[in-house]
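Q: Chain E is fixed; fit chain H onto it per the hints.
Line by line, the protein sequences are chains E and H. Quick note: the first sequence uses the numbering used here, first residue 1, plus one each step. Quick note: the second sequence uses the numbering used here, first residue 1, plus one each step.
Don't take every hint at face value.
Stated by the list, open to error - Label-pair distances were calculated between CB atoms; the ranges are: (1) E:W10 / H:G14: 53 to 59 Å; (2) H:R51 / E:S154: 51 to 57 Å; (3) H:L45 / E:N145: 31 to 37 Å; (4) H:D143 / E:V46: 50 to 56 Å.
Stated by the list, open to error - So the derived list for chain E, only partly shown, Cβ under 10 Å to chain H, looks like this: (5) V25; (6) I77; (7) F84; (8) Y85.
Simulated from the structure, these hints should not be mistaken for lab results. Virtual Cβ for every residue (Gly too), placed ideally from N, Cα, C.
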Amino acid sequence: MKPPLPQRAWQWFEQTRLGRSIFRVGLPQSNLSRMQAMVSSFLLHVQPAKVQRRTLHASTTFGLGLISLYLFGLLIITGVLLMFYYVPSTEHAYNAMKDLQFVVSAGLLVRNMHRWAAHLMVACVLLHMCRVFYTGAYKRPREFNWLLGIGLSSCLPSA
Amino acid sequence: MNAPPDNSDLSRRGFFALAAGWVASTFGIIAGASGAIRFLVPNVLYEPDQRFKAGRPDDYADGSITFLESERVFLLRRGNTFRCLSAICTHLGCTVDHQGDGFHCPCHGSTFDAAGKVTGGPAPRALTWHLVTLSKDDRLLIDKGQSVEADKYLVV
Chain E
1 MKPPLPQRAW
11 QWFEQTRLGR
21 SIFRVGLPQS
31 NLSRMQAMVS
41 SFLLHVQPAK
51 VQRRTLHAST
61 TFGLGLISLY
71 LFGLLIITGV
81 LLMFYYVPST
91 EHAYNAMKDL
101 QFVVSAGLLV
111 RNMHRWAAHL
121 MVACVLLHMC
131 RVFYTGAYKR
141 PREFNWLLGI
151 GLSSCLPSA
Chain H
1 MNAPPDNSDL
11 SRRGFFALAA
21 GWVASTFGII
31 AGASGAIRFL
41 VPNVLYEPDQ
51 RFKAGRPDDY
61 ADGSITFLES
71 ERVFLLRRGN
81 TFRCLSAICT
91 HLGCTVDHQG
101 DGFHCPCHGS
111 TFDAAGKVTG
121 GPAPRALTWH
131 LVTLSKDDRL
141 LIDKGQSVEA
151 DKYLVV
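Chain E extracted, bound-state conformation (with noise of 0.2 Å):
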């Protein structure tokens, strides 16, 4: 007898390579192979038992992607401080400006990092991406982070 039709609609998708993109290990049948699927997509990611030297190189990455990740955090610290005075109407916006310059203990100092960080993401994530093409790090099996980072970098300009 033949599985139902939505269950061999998602045997078909995990074969596509799209599919093998998105879940590496394939769906989780038994509780041992949900815990190596936690432990390879994620713990294994970011502390790999195994890598290779080349790719601790500097000049591999260029440490963009966790440059980027910095940069992100500094811009929510600022940002969260900056939201303390900064008033978002066009009565108020330009003198809260100028009490963030003037006014404000190391509020131009904030304002300064706020702005140098925005700037420096921009040009770091687009870098970023271009050290993913030229490694060929979008290359099979890695397909769908490159449609991440495509998701990624088109939130950036909300930021």
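A: Chain H in isolation, oriented as in the chain E frame:
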């Protein structure tokens, strides 16, 4: 995941480099955190000063309860003690009148006793007592930004 680093063969130079790194990052974190806190303390407030001077203590007779209309407070003198009671009803902010021993709100009929406690009507809380101090030029200095207990008073 990581085995603890083996520091047994740490050289003197390596130790000092490590220590300098830790000290520098600790100072960096402290400096960043204190800078962020200082950033959040406002240097300018866009609201009128809550403190005002209410003249000399001798301007008020012993046992008097004086309504200061512009500041919406009552100034109470008993002997050489001074207290200041807010005249703003805690219900909807009308100005209360001094009636008999207590206070009465003309808007919705809340009543308060001599200590400012609610004795009737819709008011949810007692009237606020404000801090009274003496300024350097011997004027009564009232801070409407600070509330105190009803039994706290200034002795002149």
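Q: Each of the hints needs a verdict: does it hold here or not?
A: Results of checking the hints against the structure:
1. At roughly 55 Å, the beta carbons of E:W10 and H:G14 sit within the given window of 53 to 59 Å.
2. Taking 51 to 57 Å as the suggested C-beta distance range, the pair H:R51 and E:S154 conforms, at roughly 53 Å.
3. For the pair H:L45 and E:N145, the supplied restraint of 31 to 37 Å is violated, since their beta-carbon distance comes to about 50 Å.
4. Distance hint check for H:D143 and E:V46: the Cβ-Cβ separation is about 55 Å, which falls inside the suggested range of 50 to 56 Å.
5. Because the beta carbon of E:V25 sits about 20 Å from the nearest beta carbon in chain H, more than 10 Å, this interface hint is broken.
6. The criterion of a C-beta within 10 Å of any C-beta in chain H is met by E:I77, whose closest approach is roughly 8 Å, and the hint holds.
7. At about 6 Å, the closest approach between the beta carbon of E:F84 and any beta carbon in chain H falls short of 10 Å, and the interface hint on this residue holds.
8. Annotation: E:Y85 was flagged as interfacial toward chain H, and the flag holds, the nearest CB pair being 8 Å apart, inside 10 Å.
The structure is inconsistent with the numbered hints 3 and 5, although it conforms to all the rest.
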